[in-house]
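Following the hints, complete the assembly by docking chain R onto the known chain W.
If you're matching them up, the sequences are chains W and R in order. Position 87 of the first sequence, counting from 1, maps to 87 under the working numbering, and the rest follow consecutively. Each number in the working numbering comes from the position in the second sequence (counting from 1) with 1000 added on.
A couple of the hints might just be wrong.
Said to hold, decoys possible - For lysine-lysine, the following BS3-like pairs were computed, each having C-alpha atoms within a straight-line distance of at most 30 Å:
1. K12/W x K1112/R
2. K253/W x K1098/R
3. K1027/R x K1098/R
4. K1010/R x K47/W
5. K228/W x K1098/R
As the list claims (entries may be wrong) - Okay, the calculated bits of chain W under chain R, using three or more residues with CB under 8 Å as the criterion:
6. 4-17
7. 48-61
8. 118-130
Derived from the structure by calculation, the hints contain no laboratory data. Think of the CB as a built atom: it goes at the ideal place given N, C-alpha and C, for glycine as much as any other residue.
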Amino acid sequence: MSQQRYATDVVKQTNMWNCRPVDTPNSASEKLSLNDGEKLGETDSTKYRSVVGALQYLTLTRPDLSFAVNKVCQFLHSSTIVHWSAVKRILWYVKGTLGMGLQLRSSSSTLVSAFSDVDWAGCVDDRRSTRGFAVFFGPNLVTWSARKQPTVSRSSTEAEYKSLANATAEMMWIQRLLTELGISHSPVAWLWCDNIGAKYLSANPVFHARTKHIEIDFHFVRERVAQKPLDIRFINTSDQVADGFTKPISAAKLREFRFNLNLVGG
Amino acid sequence: MRQPPGYEDKQHLTYVCKLDKALYGLKQAPRAWYARLCGKLVQLGFIPSKGDTSLFFYHKGDTTIFVLVYVDDIIVASSSFAATKALLKDLEADFALKDLGDLHFFLGIEVK
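Chain W extracted, bound-state conformation (with noise of 0.2 Å):
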C-alpha cells in the first residue's frame, strides 16, 4: 500500500518539486521548542496548517513520518518560522522516498505483538514524554502511533508503564475485532517493553510509593498480564522497533525502523 499519487502532489503543491531530497524526516540534533523563531503572519500559518494536515493523511500508510508529523503537528496554533522549516524538511524526505508504501504478507504467523517505546520528558517546554506503539499481526504492521503524552510522568518507569497501558488498550482492540471477525490468533499477546521496571511492575507491584499514582493503568496493564492474555517481554533499546515514533533518529537507524515496519519502496 502506498500514497505515491497523493505523496507527489503534496510535494508539487508546496512547490518543493525541485528541493533537494534528504534522508531522515527530522534533524536529529535539533529539539523543536514552542517559542523558538519568528511568529508566522495570518496567511502563512493558514499554509503551515493545511500543509500539516496534508503530511498527516500521509502517515497512514508511512509510519516513518509519524513522529515528525505529530511533532509538527503540536504548533499548529502558534507556529513560528523555524517550525515551518521542520515541515520543509519533511516535504524534502517526502520528495526523496515518494514511492515508499507498506507491505503486507501473507502468513502463517497469527501473533498479536507490539513494541512500546518512550522518550522520557522529551518535550522542552512542558517537560511531557512522547511516547509511541507498533502492532503487529503476524510479521504485519497494522496499527501504530506516535504522540505525547497527556501528562507529565516523574520517571522513565511511569512514562513508558503509561506507555504500556496505551499499547494494551490496542491490543485488546485488535484482538477483539480478530475474535469478532472470526480470525484465529494466538491466545497470549505479546508486548515488548525495553524497561525492565515498568516490566517487573506489570508483574508484582513493587516501589508502592512510587508508582501509586498510576494506579488505574498499573491496575489496567496488571489484570491483563495476571489473566494470561498479555506477556511483557524485556527487549533491548538497540532492537527497540517502536524507537523511531518516539525521537529523531539518524538515517542508519531510520533504515532500521523502515525495514522493521515493513516499509518498502521509494
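Below, chain R alone, put in the same frame as chain W:
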C-alpha cells in the same frame, strides 16, 4: 409526509414544503446514510463489527465477505467471486453503484 419539526404551519397542517434542492452537508445526513446502508447490509445477512463501525462481515458455510465502508466508497473482500457478484447485484437493487473492479485505489491509497 410531515412538516419538518420546528417549521410547522399551524394554519395549514396538511401543507408540506416543496423541496427545491437537496442540501449537502446537512448534519443529519451522515447518520441517515449510515442507517440506510447499514439497514440494507443487515437485511442481506451482514453483521456490523463492534470493533470498527464501518466494517461489516458475513459468514455462511464456506463463504466469508468483508465490506469496508468509507461513506460511499466501499471495499469488498470475499472468499468467492460469485458471492461478490451476488452482493453487488443485491446492492444494485437499492443503490446506484459502479463496480470499479479489482482494488487499485482507495482514498488516495494505492494497492499493488
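Here's how the hints hold up against the structure:
1. K12/W x K1112/R: holds (23 Å)
2. K253/W x K1098/R: Outside the cut-off at roughly 45 Å; violated.
3. K1027/R x K1098/R: holds (26 Å)
4. K1010/R x K47/W: violated (50 Å)
5. K228/W x K1098/R: Violated, because 47 Å separates the two Cα atoms, which is more than 30 Å.
6. 4-17: As far as the segment 4-17 of chain W goes, the hint holds, because 3 residues have Cβ atoms under 8 Å from chain R.
7. 48-61: holds (count 3)
8. 118-130: Our answer is that it is violated, as 0 residues pass the Cβ test (under 8 Å) against chain R, missing three.
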